[in-house]
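**Q** Once you know that position 19 of the sequence shown is 19 in UniProt numbering, the rest is easy, because the numbers rise by one and skip nothing.
I should point out that these hints are in silico values taken from the structure, not numbers from a laboratory. Predicted, not measured: the structure shown is a model, and the values here were computed from it. Among the clues, some could well be false.
[As the list claims (entries may be wrong)] With beta-carbon atoms standing in for the labels, derived distance ranges: (1) His149 to Trp317: 53 to 61 Å; (2) Thr260 to Lys423: 49 to 57 Å; (3) Ala163 to His6: 57 to 65 Å.
From the three backbone atoms N, C-alpha and C, an ideal C-beta is built for every residue, glycine too.
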Amino acid sequence: MKKVSHIYDDERRDKEELLAVSCHVALTGDHWTSVSNHNYLGVTAHLIDSEWKLKSFALTVRKTVTRHYADACAEQFDAVTKEWQIEKKVTTIGTDSARNMVAAARQLPFEHVPCAAHILQRTITVSLEESSFDTALAKCRKIVGHFKHSPASTEELHQQQTALGQAREPLAQDVSTRWNSTLSMISRYLRNQEAVNATLAQQRHNLATLTNLECEKLQKLEVVLEPCKYVTELLGGDSYVSCSVVLPAICHLNRVMEPTDEDPGYMIKFKTAFLKDLDARKANINIRWLKVATALDPRFKDLKSLHKNERDEVWTWIEEMLRQSEAGLAPPQPTEDEPAAKKSFLLLCSSDSDSDKEELGPLARYKAEPCIRMHECPLEWWAAHAGAYGQLSSLARKYLATPATSVPCERLFSLAGNIIQKKRAALHSDNVNKLVCLSNWLKKT
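Please model the entire structure based on the sequences and the hints provided.
**A** The following block contains the structure:
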């Protein structure tokens, strides 16, 4: 542990130096319970450095002994920011949509950006409860549970799969806390439906199997849930995912979930409930922050994910922020050895013509730039163009550092689960913090 402490101290100094030179830091946080029934708060930091590289790393996994009331959660987050001396640099804090976390975020002086993937999964859950899929899903869960709790039945299922020329694939359970688990259960059941029915008939089991109509319902549900899985995996992916992706993703889901004339009644009911719930939750996801972040992402700066009457308002917000940031800066003073091109540019900027000012303004030039492709990295674009846009690039560094989800914290808890096992359940909380943070830091490097 002495060696671990020395390595932790060295790595922590590197993180402190990185935070010291950064102007804007975004946080994600959540609570986790270990196998020894101890509660921990995990907090991760996200920033864009001077070279336009995203830096994401753990700040702490600290043990908590108080109940997770909003006041206590707010105090814990505040203590973490003071410990790392970033209380004046934090821009946003990302959490799930639990009521205590939302209430705690209101007490903090930071912007709150709820986890977009968590919101989407809650919308799916609510929509399924209000639709006509409950009977078919209940039967499917019962059949899957039968095979999951019986190794002998599972082996017989594998034999049937082999006899039918299928891969030996286990069925997937629907777990309420696991994203996309309903879709996984439906997909695997439908792929192995023939083998499942043959196994149940061979066992002479009295489990109720799904009718053809119920199977047709599940097939249609599988098709409509696929885009939700795509969006969830996109937002919670391993690669860099900024909050600028959230509104385009929601716009995509709104188009996919639009009812059509070919949809049966139960599918129209599901899609209507989905759009209604998603629209209600969208109002509580810090929409202004997401709109600005979308505009500052060169992939989505055309703002097609917003209504036309909302786009001018976003650019007005950005223009006002630029004006405020420039008001706090001293005007540049030209020196005698400035190149001629730069002097002529300054002369053009001092022109009285409004059209010239608008044409040469950084915001107007940025809006005139073509959008980059979806697979291209917005940070690489800004690294190549930051010098031409001044304060606008500083705004981009501030807004694009905010992650779209709280997945970084979930990954931190996965590391913690590998460290705090049954044989190591008595680890001191300080050692837990050092081991988990080190695992996160060294994995990043």
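**Q** Confirm or reject each hint.
**A** Taking the hints in turn, this is what the structure says about them:
no.: 1; hint: His149 to Trp317: 53 to 61 Å; result: holds, 55 Å
no.: 2; hint: Thr260 to Lys423: 49 to 57 Å; result: holds, 56 Å
no.: 3; hint: Ala163 to His6: 57 to 65 Å; result: holds, 59 Å
In the structure shown, no violation is registered for any of the earlier numbered hints.
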